[in-house]
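Each protein sequence line maps, in turn, to chains A and B.
Following full-length UniProt numbering, the numbering of the first sequence begins with 1 at its first residue and continues without gaps.
Following full-length UniProt numbering, the numbering of the second sequence begins with 1 at its first residue and continues without gaps.
Hints listed in this document are in silico derivations from the structure and should not be mistaken for laboratory results.
Virtual Cβ for every residue (Gly too), placed ideally from N, Cα, C.
Be aware that one or more of the hints could be misleading.
Claimed, not checked - Which stretches of chain B does chain A cover? Using the computed rule of at least three CB atoms under 8 Å from a CB of chain A, they are:
id : stretch
1  : 5-15
2  : 23-37
3  : 59-70
4  : 75-84
5  : 158-164
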Amino acid sequence: MEDQNYILFESYLSKELSQDEVSAFESRLKNESDFNQAFNTYKELSFFLEHKFEDESASTAFQNNLKTISNTYFEKQEPSKKVMRFKLWHYAMAASIALLIGIVTFNNFSNPTFNDYNNYKTISLTVRGVEEALLKEAENAFNSKDFAKAEIVFKRLLVKNDSNNELRLYRGIALLELDKFDEADSLFGKLSKTPSVYKNKAIWYLALSKLKQKNYDACLDVLKTIPEDADEYKQAQKLIKKLD
Amino acid sequence: MSEKKIHEDQKYIDGLLKNNSFIIQAIYDKFAPKVVNYIKQNSGDSDKAQDVIQDTLITIYNQASEKKLQLTCPFDAYFFLLCKRKWLNELKKSSNKEVTINEDVLSKGDEAQELAFETSVFGEKQALFTEMFQKLGTACKDLLTATFKIKSMEEVAKSLGVTYAYARKKKSLCIGKLTELVQKSPKFNQLNN
Numbered sequence: 001m002e003d004q005n006y007i008l009f010e011s012y013l014s015k016e017l018s019q020d021e022v023s024a025f026e027s028r029l030k031n032e033s034d035f036n037q038a039f040n041t042y043k044e045l046s047f048f049l050e051h052k053f054e055d056e057s058a059s060t061a062f063q064n065n066l067k068t069i070s071n072t073y074f075e076k077q078e079p080s081k082k083v084m085r086f087k088l089w090h091y092a093m094a095a096s097i098a099l100l101i102g103i104v105t106f107n108n109f110s111n112p113t114f115n116d117y118n119n120y121k122t123i124s125l126t127v128r129g130v131e132e133a134l135l136k137e138a139e140n141a142f143n144s145k146d147f148a149k150a151e152i153v154f155k156r157l158l159v160k161n162d163s164n165n166e167l168r169l170y171r172g173i174a175l176l177e178l179d180k181f182d183e184a185d186s187l188f189g190k191l192s193k194t195p196s197v198y199k200n201k202a203i204w205y206l207a208l209s210k211l212k213q214k215n216y217d218a219c220l221d222v223l224k225t226i227p228e229d230a231d232e233y234k235q236a237q238k239l240i241k242k243l244d
Numbered sequence: 001m002s003e004k005k006i007h008e009d010q011k012y013i014d015g016l017l018k019n020n021s022f023i024i025q026a027i028y029d030k031f032a033p034k035v036v037n038y039i040k041q042n043s044g045d046s047d048k049a050q051d052v053i054q055d056t057l058i059t060i061y062n063q064a065s066e067k068k069l070q071l072t073c074p075f076d077a078y079f080f081l082l083c084k085r086k087w088l089n090e091l092k093k094s095s096n097k098e099v100t101i102n103e104d105v106l107s108k109g110d111e112a113q114e115l116a117f118e119t120s121v122f123g124e125k126q127a128l129f130t131e132m133f134q135k136l137g138t139a140c141k142d143l144l145t146a147t148f149k150i151k152s153m154e155e156v157a158k159s160l161g162v163t164y165a166y167a168r169k170k171k172s173l174c175i176g177k178l179t180e181l182v183q184k185s186p187k188f189n190q191l192n193n
């Protein structure tokens, strides 16, 4: 399906077409089966996404409540465990398990480092149909961990459009990887004060930057400002526990 | 749907939708034992039964809130059929073997069967859509998340630092991309037939 059609779907669904355009659209729905199929899937997906994000908090509350009730119910159902008679080798086994747990927890408690956290997902900056060479270059450099090159390209891109928060975030990460902490921190700091969707990510990376600089107190302070509804909240809490 | 009489057990659906702990508890007390027994007798255990029941209730919740599910049959039959279907699918997945569904339960009234079928297709579609959404690039995922959370396209554009026209265009292209991913998956064609 051509990009143009998807744009048309969107306009139709948000009722922005003129009377004539609507008739033309509806006659295509009748006569072109591919067009019809794609439109129906598009509509279904729009509806799905709308619902998924709109009612997210109600749905999470339901799932948590359900889990609690379900756990209580199933614990009650479990028959009481028989008391096991321990033999010598049981003790030996228990001792070795305890030792193993000891080693694992010890490792967990050792200080976390930046390298535990810098596994970035592949980024994708270009949308099909809106190819731009420079964006592609930045994307490739970042994904292949060539952060020096990525930083240069992000910088050039930002000259053109300095309010693109997505690019600013990635440039910050590149700077962080290059140990250019001052620049990185100031960029994350600015981003975290914008009302953008990258706000919490910026706070998270600011914390990671402090972690990389081994400034653990500052790292903790930053981590504690990540709000509960942020995607990064869970991992932030984990890191706080490890650092405290 | 409108001519069909809504069953009094609709109270369970409404209770789930309102996250009413009392009703959820009642569902477990009344309807879970049968499912647990069935799963235990068919190569499962109580942990597996717990997962199946939980997933099934989440699917019912989602369908109720997205599609205004109306129960036209007893909850018991509907719920059991759904759990059973889900469990048989799990078995199929893990063994790659053809699992035969024994017909005795399926003949307990067309209404329950139809409704359970509808719900399970709905659930499978949701799972597929979620999976495909995860396959989108970060740019698309972020934009769509922002779009549907913030709602006003102007604000979305502002928060992403792009123009309104660009954000709108990108939104349709991203849903377009998702449409293509979904349409290409064999699972989708199976579900739509």
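Hints, verified against the model:
1. 5-15: With 0 residues in contact (Cβ-Cβ under 8 Å with chain A), the coverage given for the stretch 5-15 of chain B is violated.
2. 23-37: holds (count 6)
3. 59-70: holds (count 4)
4. 75-84: Since 0 is below three, the answer is violated.
5. 158-164: holds (count 5)
Checked against the numbered hints above, the structure breaks hints 1, 4 and satisfies the rest.
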